[in-house]
Amino acid sequence: MPLPKISEARELSDEKLAEEIVAIKRQLFQLRLQKATRQLEKPHQFRHARHRLAQLLTIETERQRAASQSAKEEK
Numbered sequence: 001m002p003l004p005k006i007s008e009a010r011e012l013s014d015e016k017l018a019e020e021i022v023a024i025k026r027q028l029f030q031l032r033l034q035k036a037t038r039q040l041e042k043p044h045q046f047r048h049a050r051h052r053l054a055q056l057l058t059i060e061t062e063r064q065r066a067a068s069q070s071a072k073e074e075k
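Numbering (our numbering), first residue to last: 1 to 75.
Keep in mind that the hints were calculated from the coordinates and are not lab data. Beta carbons: idealized from backbone N, C-alpha and C, even for Gly. The reader is advised that the hints may include incorrect statements.
Said to hold, decoys possible - For lysine to any residue, the following SDA-like pairs were computed, each having C-alpha atoms within a straight-line distance of at most 20 Å: (1) Lys5 - Glu60; (2) Lys16 - Ala54; (3) Lys5 - His44; (4) Lys5 - Ala67; (5) Lys16 - Arg65; (6) Lys25 - Lys42; (7) Lys35 - Leu53; (8) Lys16 - Thr58; (9) Lys42 - Ile59; (10) Lys5 - Ala36; (11) Lys25 - Asp14; (12) Lys16 - Leu53; (13) Lys5 - Arg47; (14) Lys25 - Thr58; (15) Lys35 - Ala23; (16) Lys5 - Leu53; (17) Lys25 - Pro4.
As the list claims (entries may be wrong) - Taking CB as the label site, the calculated pair distances span: (18) Ser70 - Gln30: 34 to 44 Å; (19) Thr58 - Leu33: 21 to 31 Å; (20) Arg47 - Ser70: 11 to 21 Å.
Assemble the whole structure, with the sequences as input and the hints as a guide.
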């Protein structure tokens, strides 16, 4: 299974991006719980989830910086 592309995440709206971040964090929690109880069957899911979370947080930060930069330019 290939890692998700960042271009797909850039197309998300701000609300959908926030929802996706919460969902990935919840998924990581569930994966950690499964690992602790030795029920984890696919350990590669950790890498995919962390990679996706990093992408989403990067896009969120980029958008926040762009918004603050445009606000500074308007003043």
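Evaluation of the provided hints:
| no. | hint | verdict |
| --- | --- | --- |
| 1 | Lys5 - Glu60 | holds, 15 Å |
| 2 | Lys16 - Ala54 | holds, 16 Å |
| 3 | Lys5 - His44 | holds, 17 Å |
| 4 | Lys5 - Ala67 | violated, 24 Å |
| 5 | Lys16 - Arg65 | holds, 18 Å |
| 6 | Lys25 - Lys42 | holds, 17 Å |
| 7 | Lys35 - Leu53 | holds, 19 Å |
| 8 | Lys16 - Thr58 | holds, 15 Å |
| 9 | Lys42 - Ile59 | violated, 27 Å |
| 10 | Lys5 - Ala36 | violated, 29 Å |
| 11 | Lys25 - Asp14 | holds, 17 Å |
| 12 | Lys16 - Leu53 | holds, 13 Å |
| 13 | Lys5 - Arg47 | holds, 14 Å |
| 14 | Lys25 - Thr58 | holds, 15 Å |
| 15 | Lys35 - Ala23 | holds, 18 Å |
| 16 | Lys5 - Leu53 | holds, 12 Å |
| 17 | Lys25 - Pro4 | holds, 16 Å |
| 18 | Ser70 - Gln30: 34 to 44 Å | holds, 38 Å |
| 19 | Thr58 - Leu33: 21 to 31 Å | holds, 26 Å |
| 20 | Arg47 - Ser70: 11 to 21 Å | violated, 35 Å |
Going down the numbered hints, you'll see the structure goes against 4, 9, 10 and 20, while the others check out.
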